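Number of protein chains: 2
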Amino acid sequence: MQMRRRSFLGTMGLAGLAGSTAVTPAAAGSITNFKPRHDYVRLDEARRRPVLKRELFADPVVIESVELLRRDNNCLYRVRSTDGAEGLAVGHPFIAKVSYPMVPLILRRHFEGKDARDLDQLVFNAVERNLKRQGIPLCVHVAGIEFAILDMLGTLADVPASRLIGEPTMSEVPFYLGHHYRNLRDLPPEESLPLMDRDAKETDAKAIKLRAGLGDNLASDLDNAPGRTEKLIRMARELWGDEMVLMIDGNGSYGVTEAIRIGRILEDYRYEFYEEPIPWDWYLEQKQVEAALTIPMAGGEEEFGLHAFRYLIGHEVFQIVQPDLFYFGGMIRTMQVARMAEAAGLKITPHISAGGLGFLYMLQMVSVCPAAYTYHEFKMFNTLDANGTIIPIQSKGDPFGSHDGVIPVPTGSGMGVMIDPDYVATHTVFEA
Amino acid sequence: MQMRRRSFLGTMGLAGLAGSTAVTPAAAGSITNFKPRHDYVRLDEARRRPVLKRELFADPVVIESVELLRRDNNCLYRVRSTDGAEGLAVGHPFIAKVSYPMVPLILRRHFEGKDARDLDQLVFNAVERNLKRQGIPLCVHVAGIEFAILDMLGTLADVPASRLIGEPTMSEVPFYLGHHYRNLRDLPPEESLPLMDRDAKETDAKAIKLRAGLGDNLASDLDNAPGRTEKLIRMARELWGDEMVLMIDGNGSYGVTEAIRIGRILEDYRYEFYEEPIPWDWYLEQKQVEAALTIPMAGGEEEFGLHAFRYLIGHEVFQIVQPDLFYFGGMIRTMQVARMAEAAGLKITPHISAGGLGFLYMLQMVSVCPAAYTYHEFKMFNTLDANGTIIPIQSKGDPFGSHDGVIPVPTGSGMGVMIDPDYVATHTVFEA
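Those protein sequence lines, which keep their order, are chains B and A.
Counting from 1, one number per residue, gives the positions in the first sequence under the numbering used here.
Counting from 1001, one number per residue, gives the positions in the second sequence under the numbering used here.
Excised from the complex, chain B in its bound form:
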């Protein structure tokens, strides 16, 4: 069960490592030197390899239109080719609503009239060349548009979207149960653990991720949920026993000192990874935490730039990187991060929010993801849209479900589902 940091770093087998010395607290002072732990030349080569398999399409697939469809807080993306092919995607459940004018005002022109076979470059430009609008509020829409295009291309080629960007590595995705209850972090362990246990029993989960601290970028060097986090760590291990894989998410709650203190308790209780203990953009401080602990560190959920992941991987700030499929701007970009992680002998487990069709996009991605971590985020089959309406979908292949801690990968073409046209018709096209 245990995958302590040294054991999986031992499988790296990397040639040509630059500055590859063992990371110990004593050596921490030199880690953020210009010289990275992993060779940037290798990382850059990995990142630059084409992702979308152009060869599946003999002729151009010209994108005729990219539409944002809205109903109250909910956003859908619809793309059509000049030959009449269509793709659909469902927007991020709570971010898309704050920045949808970006779609007609600045994103459509990056895609309309372009050959969808150039999607790698289109997506790159949409994120990295929109300098003053960069960030999660932009990237969630780039992701939505990309998912719709992959849905269209997969339907055209009659393959699952995943096959457009990679080779299948699994037919079932082992999951870890994420926290999808709001304010779970405000509850004492006696109340929060039974909620998680109910989900765990329902899904026969083999791995569970808990929340530490009070989150919200508090960055406190005091225990900001006094006594509760230690209790949660201990009680969870006692409740589920040694066989359950346990992780914890710090949600940026701590400063360096407190992050290290909590980390040592996690090591004592044999947790498998320790996610984002301090605020996401405290890069050097995060490296200090990493250097002081032996538990594998995970993070990267709030990042939106490729260069940031190049640094996080190159300097091994985390052992497990967690780009969010929406926040980071889609599957092609996530694949580029996965390939960099692979080149460095590190792991990836993409982040996804609860709600919308996130679970589906996650399955498409993970099923072809190199360097995939053992378990992947799953927040139950919650397909509520941003208005709290259940999204009416029908699988184009085998039915969805989980069993024995795994979820079968969608087998239908494109994103693998039909979205009820009557539901889509309740939305209207938004023009700026």
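Please note that a few of the clues may not be correct.
[Stated by the list, open to error] Under 8 Å between C-beta atoms, here's a sample of chain A residues computed to sit facing chain B:
(1) Ile1095
(2) Pro1101
(3) Leu1105
(4) Glu1128
(5) Arg1129
(6) Lys1132
(7) Gly1135
(8) Ile1136
(9) Pro1279
(10) Leu1284
(11) Glu1302
(12) Tyr1311
(13) Asn1387
(14) Ile1390
(15) Ile1393
[To be verified] Ranges of calculated distance between the beta carbons of each label pair, as one might list FRET restraints:
(16) A:Asp1420 - B:Val41: 58 to 68 Å
(17) A:Asp1186 - B:Pro399: 47 to 57 Å
(18) B:Ala432 - A:Val1424: 20 to 30 Å
(19) A:Ala1058 - B:Tyr181: 38 to 48 Å
(20) A:Gln1121 - B:Tyr181: 53 to 63 Å
(21) B:Glu112 - A:Glu1431: 28 to 38 Å
(22) B:Asp72 - A:Gly1113: 17 to 27 Å
These are computed hints drawn from the structure, not numbers from a lab.
These numbers come from a predicted model, not from an experiment.
A virtual CB, placed ideally from N, CA and C, is assigned to each residue, including glycine.
Dock chain A against the given chain B, drawing on the hints supplied.
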């Protein structure tokens, strides 16, 4: 005229510097160590000092409403207190339109019902506790709301907005002429320099900032405007002579190698600062460029987080920091950066986009800014709103104008202007 790096660093007079060794290319390897060049304890103390002068208001000023007013692409912010006081601000000329739903959906609740005297904390929470929406598209609206609140509070206290956040350091702001022509970077020097020269003559400018490279985060290690940048650097010096203060903005055009090559040419031609030669989030690489050159480095325009400036200042990645008044979320946050810069013996020259009432907000800020650089960004009195309409304003004090390379600071209360109510009335309140 010359202010080479060493000369103004020589004025630091800092006690308690941690790890303060001279920065030379040879020593570059240790600069990004955990140990910063400047003492973080001092920086944190400087950043945490209250900014808004609560003592000017004996009683709470409760914010009753925060409204976003829209007409097509243009955004205005209107705040009202429960006692009937009102403040107005004009939105960012080209970013506000892409993310205005943020105002009613996520920002209003950070201000409505709160005491405006707590503005430091309200603004901090609005930016730093909106984790998944962080970035320039969020911050421009926080800035707009803050400007409207400062307008209201200044009018109430019958002082210029600047006096609410600092002590006057100048009555006239010496400016450098920024580039406000679109696509100036695409023109050969023979065409771009006469345009700048016309503005320089009209305003009797003593300092001019040019654009290098093709921008757009190209990050190329080839000269991406082949031969043109060298020619521009040389021709500008020849045209304006030794007395003109010249700076250049790289707009993220270069990789490290090319950035250093261009930087050495700038040193030969005695330019005063070198701005953002490589993409903004290439932090370690920017430090490499800084370490290899003697010309003062400037940057920070795309940053939206306080922690980022803490790092940039603490490690002296730039000698001159340039938070944008809108992109960084307003004057209080900019003041916090200015105080950190002051504590480190560095300089600040805030960035501002052309258009809207940017010039006015800049004058308010700079006139009370500690550690202000000698010259400040000015892109002519272009008060076009986001729809290309001239904003009808009337000074509440002395008339506006420039003479002899300086602009007098507004003397009227609040932001110093009345905005024509008929113009405001062409906008309508946006509710999500």
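Hints versus structure:
1. Interface restraint check for Ile1095 (chain A): the shortest CB-CB distance to chain B comes to about 6 Å, inside 8 Å, so the restraint holds.
2. For Pro1101 (chain A), the interface hint holds, the least distance from its beta-carbon to any beta-carbon of chain B being 5 Å, beneath 8 Å.
3. The restraint placing Leu1105 (chain A) at the interface with chain B holds, with a minimum CB-CB distance near 5 Å, inside the 8 Å limit.
4. The beta carbon of Glu1128 (chain A) is positioned within 8 Å of a beta carbon in chain B (closest approach about 6 Å), and the interface hint is therefore held.
5. Of the supplied interface hints, the one on Arg1129 (chain A) holds, with its beta-carbon coming within about 5 Å of a beta-carbon of chain B, less than 8 Å.
6. For Lys1132 (chain A), the interface hint holds, the least distance from its beta-carbon to any beta-carbon of chain B being 5 Å, beneath 8 Å.
7. For Gly1135 (chain A), the suggested interface contact is upheld, since its CB lies about 3 Å from the closest CB of chain B, less than 8 Å.
8. Because the closest C-beta pair between Ile1136 (chain A) and chain B is about 5 Å apart, less than 8 Å, the hint holds.
9. The interface hint given for Pro1279 (chain A) is met, as the beta carbon of that residue sits about 7 Å from the closest beta carbon of chain B, less than 8 Å.
10. The beta carbon of Leu1284 (chain A) comes within 6 Å of a beta carbon in chain B, closer than 8 Å, and the hint placing it at the interface holds.
11. Restraint check, Glu1302 (chain A) versus chain B: the minimum CB separation of about 6 Å is within 8 Å; hint holds.
12. Because the smallest distance between the Cβ of Tyr1311 (chain A) and any Cβ of chain B comes to about 7 Å, under 8 Å, the interface hint for this residue holds.
13. A least Cβ separation of about 12 Å between Asn1387 (chain A) and chain B goes past the 8 Å threshold, and the interface hint is therefore violated.
14. A hinted interface residue such as Ile1390 (chain A) counts as satisfied when its beta carbon comes closer than 8 Å to some beta carbon of chain B; here the least separation is about 23 Å, so the hint is violated.
15. Below 8 Å, beta-carbon pairs count as interface contacts, and Ile1393 (chain A) has none with chain B, the closest being about 25 Å; its hint is therefore violated.
16. Remark: the range hint 58 to 68 Å for Asp1420 (chain A) to Val41 (chain B) is upheld by a beta-carbon distance near 59 Å.
17. Range check, Asp1186 (chain A) to Pro399 (chain B): about 56 Å between beta-carbon atoms, so the 47 to 57 Å window is met.
18. Between Ala432 (chain B) and Val1424 (chain A), the C-beta spacing of about 22 Å keeps the proposed range 20 to 30 Å intact.
19. Take Ala1058 (chain A) and Tyr181 (chain B): their Cβ atoms lie about 45 Å apart, and the range 38 to 48 Å holds.
20. At about 29 Å, the beta-carbon gap between Gln1121 (chain A) and Tyr181 (chain B) misses the expected band of 53 to 63 Å.
21. About 30 Å separates the C-beta atoms of Glu112 (chain B) and Glu1431 (chain A), a value consistent with the hinted range of 28 to 38 Å.
22. Taken as a hint, the range 17 to 27 Å holds for the pair Asp72 (chain B) and Gly1113 (chain A), whose Cβ atoms sit roughly 25 Å apart.
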